[in-house]
Amino acid sequence: MTTAATGKATAPTTPTPIRAHDIVRTRPGKSYNREKRRSNLLTILLWLLALYFVLPIAWLVIASTKDNADLFATFGYAFGHFNLFQNLHDVFTTSNGIYLQWALNTVVYAAVSAVGASFLATMAGYAFAKYRFPGAKIMFSVVLGAIMIPLTALALPTYLIFSQFGITNTPIAVIVPSLVSPFGVFLMRVYAADAIPDSMIEAARVDGAGEARIFFQVGLRLLGPGVVTVFLFALVATWNNYFLPLIMLNSSNLYPLTVGLAQQQATSAGGGGSQALFSTVITGSLVSIVPLIIAFLFLQRYWQTGLASGSVKE
Amino acid sequence: MTQSVIAPARARSATKKHGNANQRRQNRAAYLFVAPFLIVFVLMLLVPLFYSGYLSLFATRLIGGSQFAWFTNYIRAFTDADFLAGVGRMGLFLVIQVPIMLLLALFLALAIDSGRARGAGAIRLLVFLPYAVPGVVATLMWGYLYGQDFGPIAQIFKALGFGAPDLLSAQTILGSIMNIVTWEFVGYNMIIMYAALRSIPSELFEAAEIDGAGQFRVAWSIKIPAIRPAIMLTVIFSIIGTFQLFNEPSLLKNLAPNVIDNAFTPNYYAYNLAFINQDVNYAAAIAFLLGVVIAIVSYVVQLSTQRKEAKAA
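The listed protein sequences correspond, in order, to chains P and D. Residue numbering for the first sequence follows my numbering, beginning at 1 and increasing consecutively. Residue numbering for the second sequence follows my numbering, beginning at 1 and increasing consecutively.
What the hints contain is simulated information worked out from the structure, not anything from laboratory work. Keep in mind that this is a model prediction, so the values were computed, not measured. Backbone N, C-alpha and C fix where the C-beta goes; we use that ideal spot for every residue, glycine too. Incorrect hints may appear among the rest.
To give an idea of the interface, some chain D residues facing chain P are shown, with a C-beta separation under 10 Å as derived from the structure [stated by the list, open to error]: (1) Phe-71; (2) Ala-111; (3) Ala-120.
Using the sequences plus the hints, can you model the full thing?
Here's what the structure looks like:
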């Protein structure tokens, strides 16, 4: 925690603020003799390792093109009778199309939580980085310490509190606990300390801008990649959350995909109901991971930059 | 350059002139910025934490209902063989799975950063891909991959004329779960380390490279020490993650009901105690204890590395 909010300019070396991804992506001088030093051995080794991470997903993709019979009759990595569209149709029609409801719930829970969490974390992180106010240090230490509290250990008492107010089994019960991201505050504080020169804030003050206006018009613009990082990680955390919705929700039409799929898996493994077939669960699983993979691919440069600044200092 | 020289001076003269009024205005703004987060933080984190601690001091008796019971629940936990077995299992996880995962992540980060491999950018993305897969889906998928019915692992063994290994048996289940968690999180840890590696100023190791230091020497003596904070971050996150394991045992239980008991991991135990046994007080004690264990382990790890650093300096 070297760059505490000291009121002094944190020595911006250039008048125009360099965007952090410029630093990260181009390391000047690195490529001086990169071309001639390629190692075939390392290349082969790395690609073999990459296979370990890709093969299970490849299996999921291939398995979702087969019907239930072919799943058992053919080799896992071989195609059978092409049944993907029928499987997709089954995914979205089983139990009166409950899957679509789950998908919708997931999107709503994740989007609202992620927007809220990143907004709260950005404002707090910005204040911790750029203001010197009584109690800042102790508050930040408490937040930092909270990173270590296992959130699942809190889910149970939260459930008990919520049930006293009668808000279990509502979307609120899933969304509100997901709004707290202590790591997001930490990340934003580190990021804001570097990304926003104090001189810029001072200049805006001299020009008569209010503090809120400075944050929304000067700060937010420079915090872009950091905000996207916090947003993405909050999005993934909620999208992938299983424990919290499992505890909080009883009605299956409120379930997110994780809880719904787990339930389908349980019935298909138990052989009961005979409604949810293996092929349906597998195809449903594949469909559920596509949006996040796309989000990560498209927002690559942002989250990698944000993480870079968050992990460099401590 | 000029701007940065002028700015502090201007700031200082400004504060002298308007002094307290400005400072008060800025304080108020800062509190307003922090307030929304802090309110939710207190309500959703501190209150449940203290409530959990409070609940854990009570016990429900058949006669008289809920009664204050001091540390009875904690004493019970320390003599509860099921709970201790779960903690032991997580300890095993910590000393086997976490090092494997983090070393693999570190190796990948260093190898990709070295620029010696073809298609490094693609490799980085592929390794990170599992992070976008929810733990539930990852477990589900691996459960099928491990399975005897149509799992490709069993299929390959059968095709080669061997008996298919039972990857969901009492002896293998912990290893199978370790594999799932490793698969899920190598990429995430790799990205954190890689991001830190990219921000090391290249002058630091170019000189060494020109002087003829090999890649391993550069990695060991320059790069790894330089990204120590990032590595520490991954260690702490892994400790927290390990003690929170829940998805994997709870989903694999459907496939191997006799192998995974209700106390397979402490977190799974707390869940079962609260929602199946309806023993909320004891569950709260387990959850609270879990938090304490995580805090202690994280603290000890941090302390020991700091001591090592001090020795090295």
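- Task: If any of the earlier hints don't hold here, list their numbers in rising order.
- Result: Result: hint 1 breaks, nothing else.
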